Amino acid sequence: MYQSRTGKRGIVVEAVCHEDMWVWHHFVRAPGSLHDINVMQQSPLYLDAIGGRWPPCGTPFTINGRTRTLHYNIVDGVYPRYAFLMSPHPQPSTEEQTTFNCRQEAIRKDLERLFRVLVKRFHDALHPGRYHSVSQPATTYTAICILHIMCVESRRSSFLSRRRRAAGSDGGTDCGICGDVGGGSGGGDK
Amino acid sequence: MGLTVAYVVMLEAGQVVATNRAVGHQLEALLLPGHLRLAAAAPVSSAAAIDNIDPVRNASPALNPAVHPPAAGMAAIFDAWAETQNMQESERLRADLTADTDRDRGELLAPHIG
Numbered sequence: 001m002y003q004s005r006t007g008k009r010g011i012v013v014e015a016v017c018h019e020d021m022w023v024w025h026h027f028v029r030a031p032g033s034l035h036d037i038n039v040m041q042q043s044p045l046y047l048d049a050i051g052g053r054w055p056p057c058g059t060p061f062t063i064n065g066r067t068r069t070l071h072y073n074i075v076d077g078v079y080p081r082y083a084f085l086m087s088p089h090p091q092p093s094t095e096e097q098t099t100f101n102c103r104q105e106a107i108r109k110d111l112e113r114l115f116r117v118l119v120k121r122f123h124d125a126l127h128p129g130r131y132h133s134v135s136q137p138a139t140t141y142t143a144i145c146i147l148h149i150m151c152v153e154s155r156r157s158s159f160l161s162r163r164r165r166a167a168g169s170d171g172g173t174d175c176g177i178c179g180d181v182g183g184g185s186g187g188g189d190k
Numbered sequence: 001m002g003l004t005v006a007y008v009v010m011l012e013a014g015q016v017v018a019t020n021r022a023v024g025h026q027l028e029a030l031l032l033p034g035h036l037r038l039a040a041a042a043p044v045s046s047a048a049a050i051d052n053i054d055p056v057r058n059a060s061p062a063l064n065p066a067v068h069p070p071a072a073g074m075a076a077i078f079d080a081w082a083e084t085q086n087m088q089e090s091e092r093l094r095a096d097l098t099a100d101t102d103r104d105r106g107e108l109l110a111p112h113i114g
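Residue numbers (the numbering used here), protein chains in the order written: chain A, 1 to 190; chain B, 1 to 114.
No wet-lab data here; the hints were simulated from the structure. Quick caveat, the model's predicted, so the values are computed rather than measured. Ideal Cβ positions, reconstructed from N, Cα and C, are used throughout, including at glycine. Incorrect hints may have been included.
Lysine to any residue pairs mimicking SDA-like chemistry, simulated, CA-CA at most 25 Å apart [stated by the list, open to error]:
1) A:Lys109 x B:Asp102
2) A:Lys109 x A:Ser93
3) A:Lys120 x A:Thr139
4) A:Lys109 x B:Gly106
5) A:Lys109 x B:Gly73
6) A:Lys109 x A:Met1
7) A:Lys109 x B:Ala95
8) A:Lys109 x B:Asp104
9) A:Lys109 x A:Gly51
10) A:Lys109 x B:Leu109
11) A:Lys109 x B:Asp100
12) A:Lys109 x B:Asp96
13) A:Lys120 x A:Met1
14) A:Lys109 x B:Arg105
15) A:Lys109 x B:Ala99
16) A:Lys109 x B:Arg103
17) A:Lys109 x B:Ala110
18) A:Lys8 x A:Ile37
19) A:Lys109 x B:Trp81
20) A:Lys109 x B:Leu108
21) A:Lys109 x B:Ser90
22) A:Lys109 x B:Ile77
23) A:Lys109 x B:Arg94
Facing chain B, according to a computed beta carbon distance under 10 Å, are these residues of chain A, among others [as the list claims (entries may be wrong)]:
24) Gly52
25) Ile63
26) Arg66
27) Leu70
28) Tyr72
29) Ala83
30) Phe84
31) Ser87
32) Gln91
33) Glu96
34) Gln97
35) Arg103
36) Gln104
37) Arg116
38) His127
39) Tyr131
Chain B with its partners taken away, still in its complex shape (with noise of 0.2 Å):
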């Protein structure tokens, strides 16, 4: 029962399943109650996602469903934790940063200045 309804959050919500991984962690993944609930919603833009925050209620701030489940397994584990200390991709994001935070300077500065 659990296989079905997995294939089915899978298909409607129109995920790309990953090939280089056994389905079995795909599922083991999926059928994790905190993913599953990630994958059962459909994916929005975070544009579209602060626009959805209701005015009225002031819902908490909207986090996008992942398009692509968190994978399961060492290799998996391995990946994120050498993306995640990755130290030139940090100097590559402060360098676009930067870049791109000189560009909007005016934009930036319009409200402070009047």
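This is chain A alone, in the form it adopts within the complex (with noise of 0.2 Å):
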């Protein structure tokens, strides 16, 4: 088993989700001692990503007046500025650059909400010390997110973001798969 920075058993889970939480990719094979830029480096979302197999580009997006086709994911200040990956302004000095990281920091609280949801769905994602070897927790967590994504199914058109899309009152940017989304790549010591 791994350690963490702490000396505890820990081992790094990277994940995207989308806004209601449907998992789109995770990743539990890093030790919890493990920095998350040095995590998504080994990643297969990362490997995919530079060999131009995700995510596709068949979906372009506008935004201000810009048409793209490379989708992004939403992260934290401490992953590099590449162009998949949409970072907060280091240091904010205008009104525009505060409103603009206040609104992606509540975007990126979707995964820790996701953390939160499937701790406290599945008591065993809590306790990666009682496997004696590091297949066993990534498996755990694949069975963890299988199920967790038929619980999203099962209760999808309740949630508040499907009712307010419906209803044409949502006024997120239309950005494809990951930008009214919030999709984010992150990682924690479970």
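Combine both chains into one complex, guided by the hints.
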């Protein structure tokens, strides 16, 4: 088993989720002592992104009058400034930048909410020290994510965001897969 | 047989074939199982894809089919690598998002204000 920075058993969970906590991607292979950037650089998501296999480029979206094809993930400030990662302004100086950072942080909370919901819903996700090998928590987390997605599918029609979108009152930016969605990439010691 | 299927799929999907790569590479990309599945579906806009989610059965989020299938070959990989690690593009995207968010500020805050 891996150790975290605090000396306890720990393994990093990298995930990308939808605004309704649909899990697009999860990666459970890195030791808990690794930094998020090191985890990202060995993640299949990153390898697919730099290899041109993900995200699909067939869904253009328009932001501020410019049409783009490369979708992006919303991340926090520690990640490098790649074209498929959208981090907040490091030192916001104007009101526009402050507003953008607030909005970006609000969308990023969807991922934090996902981890809390997973731990609350499936208590196995909280105790990696009970496993005897690295592959066991990875398999367990995959099963947990599948069960969680089934729960999301069964309850999605009652979500507030869906009802707002159906009523046409959602003011999110139309950005295809990840834009109005809050896909994020982050890790947490579980 | 496989080549025939690939051509039929390309014609049905109405895809524009890139001219700067060998046909063999395009067919190789199309004949990969995942790419063939993407190419076979009809092109749909993102708004239409969201509308197509069946509220009764709660289908998974719709992935729009790729109009241009992922290209194969080292040149395409290098192009994708350069595109994803472009810092200037990241800065431009963030500036555009900042302007777009600020323009829609009132609409974004309306549900929270009341």
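Consistency of the hints with the structure:
At roughly 20 Å between alpha-carbon atoms, Lys109 (chain A) and Asp102 (chain B) fall within 25 Å of each other, so this suggested pair holds. A hinted pair counts as satisfied when its Cα atoms are at most 25 Å apart, and Lys109 (chain A) with Ser93 (chain A) qualifies at roughly 23 Å. Between Lys120 (chain A) and Thr139 (chain A), the direct Cα distance comes to roughly 18 Å. Compliance with the 25 Å bound is thereby established for this hinted pair. Taking the CA atoms of Lys109 (chain A) and Gly106 (chain B), the gap is near 21 Å; set against the 25 Å cutoff, the hint holds.
Of the pairs offered as hints, the one joining Lys109 (chain A) and Gly73 (chain B) is violated, with about 38 Å between alpha carbons and a cut-off of 25 Å exceeded. For the proposed pair Lys109 (chain A) and Met1 (chain A), the alpha carbon gap of about 29 Å is over 25 Å, so the pair is violated. Note on Lys109 (chain A) and Ala95 (chain B): the hinted pairing holds, with a Cα-Cα distance of about 22 Å set against a maximum of 25 Å. For the hint linking Lys109 (chain A) to Asp104 (chain B), the alpha-carbon distance of about 20 Å falls within 25 Å, and the restraint holds.
With a C-alpha separation of about 28 Å, the suggested pairing of Lys109 (chain A) with Gly51 (chain A) is violated against the 25 Å cut-off. Simply put, Lys109 (chain A) and Leu109 (chain B) have alpha-carbon atoms about 17 Å apart, close enough for the 25 Å limit, and the pair holds. A hinted pair counts as satisfied when its Cα atoms are at most 25 Å apart, and Lys109 (chain A) with Asp100 (chain B) qualifies at roughly 20 Å. Restraint check for Lys109 (chain A) and Asp96 (chain B): the C-alpha separation of about 22 Å stays at or below 25 Å, so the hint holds.
For a cut-off of 25 Å, the pair hint linking Lys120 (chain A) to Met1 (chain A) stands: about 23 Å separates their Cα positions. With a CA separation close to 19 Å, the supplied pair Lys109 (chain A) and Arg105 (chain B) stays within the 25 Å bound. Of the pairs offered as hints, the one joining Lys109 (chain A) and Ala99 (chain B) holds, with about 22 Å between alpha carbons and a cut-off of 25 Å not exceeded. The suggested pairing of Lys109 (chain A) with Arg103 (chain B) holds, with an alpha-carbon distance near 22 Å, which does not exceed 25 Å.
Our distance criterion of 25 Å between C-alpha atoms is met by Lys109 (chain A) and Ala110 (chain B), whose separation comes to about 20 Å. Between Lys8 (chain A) and Ile37 (chain A) the alpha-carbon distance is near 21 Å, which keeps this suggested pair within the 25 Å criterion. Our distance criterion of 25 Å between C-alpha atoms is broken by Lys109 (chain A) and Trp81 (chain B), whose separation comes to about 29 Å. At most 25 Å may separate the alpha-carbon atoms for a hinted pair to count; Lys109 (chain A) and Leu108 (chain B) meet this at roughly 16 Å.
A threshold of 25 Å between alpha carbons decides the hint, and for Lys109 (chain A) with Ser90 (chain B) the separation of about 22 Å falls inside it, so the pair holds. Proposed proximity of Lys109 (chain A) and Ile77 (chain B) is contradicted: the alpha carbons are some 33 Å apart, above 25 Å. Taking the CA atoms of Lys109 (chain A) and Arg94 (chain B), the gap is near 19 Å; set against the 25 Å cutoff, the hint holds. Because the beta carbon of Gly52 (chain A) sits about 3 Å from the nearest beta carbon in chain B, less than 10 Å, this interface hint is met.
The closest approach between the C-beta of Ile63 (chain A) and any C-beta of chain B is roughly 5 Å, which is under the 10 Å cut-off, so the hint is satisfied. For Arg66 (chain A), the suggested interface contact is upheld, since its CB lies about 6 Å from the closest CB of chain B, less than 10 Å. The beta carbon of Leu70 (chain A) is positioned within 10 Å of a beta carbon in chain B (closest approach about 6 Å), and the interface hint is therefore held. Because the beta carbon of Tyr72 (chain A) sits about 7 Å from the nearest beta carbon in chain B, less than 10 Å, this interface hint is met.
A cut of 10 Å between beta carbons decides the hint on Ala83 (chain A): the least distance to chain B is about 4 Å, and the hint holds. Given hint, Phe84 (chain A) at the interface with chain B, holds; its Cβ is 5 Å from that chain's nearest Cβ, closer than 10 Å. About 8 Å separates the beta-carbon of Ser87 (chain A) from the nearest beta-carbon of chain B, less than 10 Å, and the hint is met. The beta carbon of Gln91 (chain A) comes no nearer than 13 Å to any beta carbon in chain B, farther than 10 Å, and the hint placing it at the interface is violated.
At its closest, the beta carbon of Glu96 (chain A) sits 4 Å from a beta carbon of chain B; the interface hint therefore holds under the 10 Å criterion. Checking Gln97 (chain A) against chain B by beta carbon gives a least distance of about 6 Å; that is within 10 Å, so the hint holds. Because the smallest distance between the Cβ of Arg103 (chain A) and any Cβ of chain B comes to about 5 Å, under 10 Å, the interface hint for this residue holds. Because the smallest distance between the Cβ of Gln104 (chain A) and any Cβ of chain B comes to about 8 Å, under 10 Å, the interface hint for this residue holds.
Hint status for Arg116 (chain A) relative to chain B: violated, with the closest Cβ pair at about 21 Å, above 10 Å. With its C-beta approaching chain B no nearer than about 29 Å, His127 (chain A) sits outside the 10 Å limit, and its interface hint is violated. About 29 Å separates the beta-carbon of Tyr131 (chain A) from the nearest beta-carbon of chain B, more than 10 Å, and the hint is not met.
Comparing the model with each numbered hint stated earlier shows that hints 5, 6, 9, 19, 22, 32, 37, 38, 39 do not hold.
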